[in-house]
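I would like the entire structure built from these sequences, with the hints used as guidance.
Single-letter residue listing:
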Amino acid sequence: MTAISFRTGLGGALRMASVSALALGLGLAAASAETIRWARVGDALTLDPHSQNEGPTHTLAHHIYETLVGRATDGSLTPRLAVEWGIHPDDSTVWVFTLRDGVTFHDGSALTAEDVVFSLNRARGETSDMKGLHAGVVDVTAPDAMTVHIKTEGPAPLYVQNLTNTFIMSKAWAEANDALTAQDFAAGEENFAVRNANGTGPYTLVERDPEVRTVLQVFEGHWDDAPQVTEIIYTPIAEAATRVAALLSGEVDIVQDVPVQDIARLEQTDGLKVEFGPENRTIFFAYDMGSEDLLTASVDGNPFANPLVREAMHMAVDRDAIRQVVMRGQSLPTGVTMPPFVNGWTEELDAYSAPDIERAQALMAEAGYADGFSVDLHTPNDRYLNDEAISQALVGMLARIGINVNLVSQTRSMHFPLIQNRETDFYLLGWGVPTFDSQYVFDFLVHSTEGARGGWNGSRYSNPEVDALIQAMAVETDLDARDAMIADVWAQLQEDRVFLPIHNQTLAYAMREGINLAVHPENQPAMSDVTFD
Amino acid sequence: MLAFILRRILQSLVVMLVVALVSFALFRYVGDPISTMMGQEATIADREALRERLGLNDPFIVQFFDFVSRAVQGDFGISYRLQQPVMELILSRLPATLELALVSGVLAFVFGVGFGVYTALNRRGWLSTTIMSVSLIGVSLPTFLIGVLLIWLFAVELQWLPSFGRGEVVDLGSWWSTGFLTPSGRASLILPAITLGLYQMTLIMRLVRAEMLEVLRTDYIKFARARGLSNRAIHFGHALKNTMVPVITITGLQLGAIIAFAIITETVFQWPGVGALFINSVRFVDVPVMAAYLMLIAVIFVVINLIVDLLYYAVDPRLRVERAGAGH
Chain A
1 MTAISFRTGL GGALRMASVS ALALGLGLAA ASAETIRWAR VGDALTLDPH
51 SQNEGPTHTL AHHIYETLVG RATDGSLTPR LAVEWGIHPD DSTVWVFTLR
101 DGVTFHDGSA LTAEDVVFSL NRARGETSDM KGLHAGVVDV TAPDAMTVHI
151 KTEGPAPLYV QNLTNTFIMS KAWAEANDAL TAQDFAAGEE NFAVRNANGT
201 GPYTLVERDP EVRTVLQVFE GHWDDAPQVT EIIYTPIAEA ATRVAALLSG
251 EVDIVQDVPV QDIARLEQTD GLKVEFGPEN RTIFFAYDMG SEDLLTASVD
301 GNPFANPLVR EAMHMAVDRD AIRQVVMRGQ SLPTGVTMPP FVNGWTEELD
351 AYSAPDIERA QALMAEAGYA DGFSVDLHTP NDRYLNDEAI SQALVGMLAR
401 IGINVNLVSQ TRSMHFPLIQ NRETDFYLLG WGVPTFDSQY VFDFLVHSTE
451 GARGGWNGSR YSNPEVDALI QAMAVETDLD ARDAMIADVW AQLQEDRVFL
501 PIHNQTLAYA MREGINLAVH PENQPAMSDV TFD
Chain B
1001 MLAFILRRIL QSLVVMLVVA LVSFALFRYV GDPISTMMGQ EATIADREAL
1051 RERLGLNDPF IVQFFDFVSR AVQGDFGISY RLQQPVMELI LSRLPATLEL
1101 ALVSGVLAFV FGVGFGVYTA LNRRGWLSTT IMSVSLIGVS LPTFLIGVLL
1151 IWLFAVELQW LPSFGRGEVV DLGSWWSTGF LTPSGRASLI LPAITLGLYQ
1201 MTLIMRLVRA EMLEVLRTDY IKFARARGLS NRAIHFGHAL KNTMVPVITI
1251 TGLQLGAIIA FAIITETVFQ WPGVGALFIN SVRFVDVPVM AAYLMLIAVI
1301 FVVINLIVDL LYYAVDPRLR VERAGAGH
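Heads up: the protein sequence lines correspond to chains A and B, in order. Note that our numbering has the first sequence beginning at 1, numbered continuously upward. Note that our numbering has the second sequence beginning at 1001, numbered continuously upward.
In short, the hints are calculated from the structure, not lab data. Source: prediction; values computed, not measured. Please note that the accuracy of each hint is not assured.
Claimed, not checked - Label-pair restraints from in silico Cβ distances:
#1 Arg1028(B) / Asn406(A): 19 to 25 Å
#2 Asn406(A) / Glu1088(B): 42 to 48 Å
#3 Thr296(A) / Phe1180(B): 53 to 59 Å
#4 Ala186(A) / Gly1074(B): 15 to 21 Å
Unchecked claim - Listed next, the stretches of chain B that the computed footprint assigns to chain A, with coverage defined by at least 3 CB atoms under 8 Å from CB atoms of chain A:
#5 1127-1134
#6 1282-1296
The beta carbon of each residue, even a glycine, is placed where N, CA and C say it ideally should be.
Okay, structure coming up:
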């Protein structure tokens, strides 16, 4: 038995591209079919919208599924499946969402509040990876077909910010296909939603071959204006050199993860262009300032607990040199562990001073470390742009004030558990802020480790006053008073030198000339935003 | 003969168990799967709950026996990364790797033997010297660099061949997909096959050349010449045939190596085979896929060794005589 089914491959894609190029020449661009061949380093791990809380997975899901609220490229919230939202006038613990009229799923059924209730409960489920964002939710109800109420434990003035990556599924579809919960890894079989999808988004799934290619077709029944891109062929290409070669040879149209060292070359190539933009992510170093003793230091006690040592380290770091030499100009040096998109950011916090080695050496001597000390620095080597090279640069800078750093560089799956399990004295971390509010930074990096808070507080910073402020701002509904609390916490953190911030990462997308696509701060570009010249 | 095969199969089972044990022991040093499986917002309690549910808190021996008892039934679990059943995932990637390995193996064997014979017979010719010096590149340049150079030349500069992927594939039956039947599928095979086969070709060529030179010096070749046999009969009938025993051994073992170490080639060319699947699984600490892949590689090596042993019987009559003698 030989069942032959053809999958459209590169050849088909090339033919389509040349057809559309022809149409473009005839001035029919807006009306004609446009295919975008899009490559990035890795594939979405799954199509199940609640199973992985991970960037590339969400990026693909945004094309097929939709969320209640969306995130614009300037970081602000935009209406998506919800047209209006706000805190209930009579009960500050309830968020009210009014749904958009006339939204249909790809299978033709209409979106109702029941689907939203189902999806939010699925996202809160035991096997969901999104549950951390909905930990404070007590109950989700639908008072009528177009309204959804979300009740939280206490007032949650910023809860709506947690909804930008929580996708809405069809309840009937999930029931029919036995996909009521997200994939359980301990179960013996695959969940239907892993390779099949039924969303309300601008594109429908045509073909899914994980890590090979995913083909999406425009959804005619979508509520919004039809996008210019009518077909998306999404291909992961893991190897940086191959990814760039595929763009140079015209086999793909957009490359999302451009290696820093290839940017200049791509910009100089005829027919190609590179778009830049800041990413919502800060790269910084942190050190154990709370323990009695360090694990790897050559001296007794904890030198990082001494404010003079921390101050000296800040003075020894040359952020501009890292930008010039390591990042080839592709970064925004900063003095605070928060990107400019985040509520609470100010220019004063962002400012940083030039290195002053003599003064730093004097501080080290004053602290009793005139002869210096040695310590291990842990860094990932496959997570952030040039992460290992940044750490190597820091090693040289700290050597000038007598701190001999032994660099331990390893893969991400080895590095991050060290921070989570408090097994490192000194480490590099990059922190994105998906809620665009300082609270997210404080909750995970600053608050003492208690319950859901402080999971990433490898600094072991513990300040009862700061903890109290962080808890208070979580339920403060007066936004001005809340902003004042945020400013107070940042002032204290900067004074205590809890972090050693280096820079905000910038992103680069390379594409064929004639394609317009802005860099998305969360690195989640939407092909529905693409326009053609 | 049957007893020999049965004995080899029993030995193979022991080998497989040892491979499983060693690889299981090594996984502890690859990293923590929980840290890559959960987003950064997951709480310590959530992480602990998942760890418990996956049985990662069980003692090593319990985890190992659990794995072996399920593996015997063909159940390798669900991939931590791609959330698909591991067996299905590996079977869907296997055709890509086997087709690539087959093409590069055939290329390496045909050109290796051809060049080897030619350079042995024409030792001082300018072509032989050229082949020998160029073949040095094959052994000295890393696979990664050869792949990138080929992509740069044939995909970017000349734009003759695709730089990544498998092209258009055709599904044959329920799980085999082939790239042989479409023009883009065949074009996509060329660069990865050359990259993967270059080292093996050089190896075979140098082996054939050395063996041929050795055989050509022996007395029976001199007698054959004295008998007035044609050059063709001497070179191919007598000399080449007698060089083939070590060549077959090496080729067989190298075929296993081609499949097992296609990892780099597959990564460079984004070739959707089991090697690329494995390397992505290592990055993600996808233990179920890593374990199943290593078992698969062990099976492939065991089977190839068995076939090579059987081929000896066919090629070398002395083995048949000795075994027959031992039976009396």
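Hints, one by one, checked against the model:
no. : hint                               : verdict
1   : Arg1028(B) / Asn406(A): 19 to 25 Å : 24 Å, holds
2   : Asn406(A) / Glu1088(B): 42 to 48 Å : 45 Å, holds
3   : Thr296(A) / Phe1180(B): 53 to 59 Å : 56 Å, holds
4   : Ala186(A) / Gly1074(B): 15 to 21 Å : 18 Å, holds
5   : 1127-1134                          : violated (count 0)
6   : 1282-1296                          : holds (count 3)
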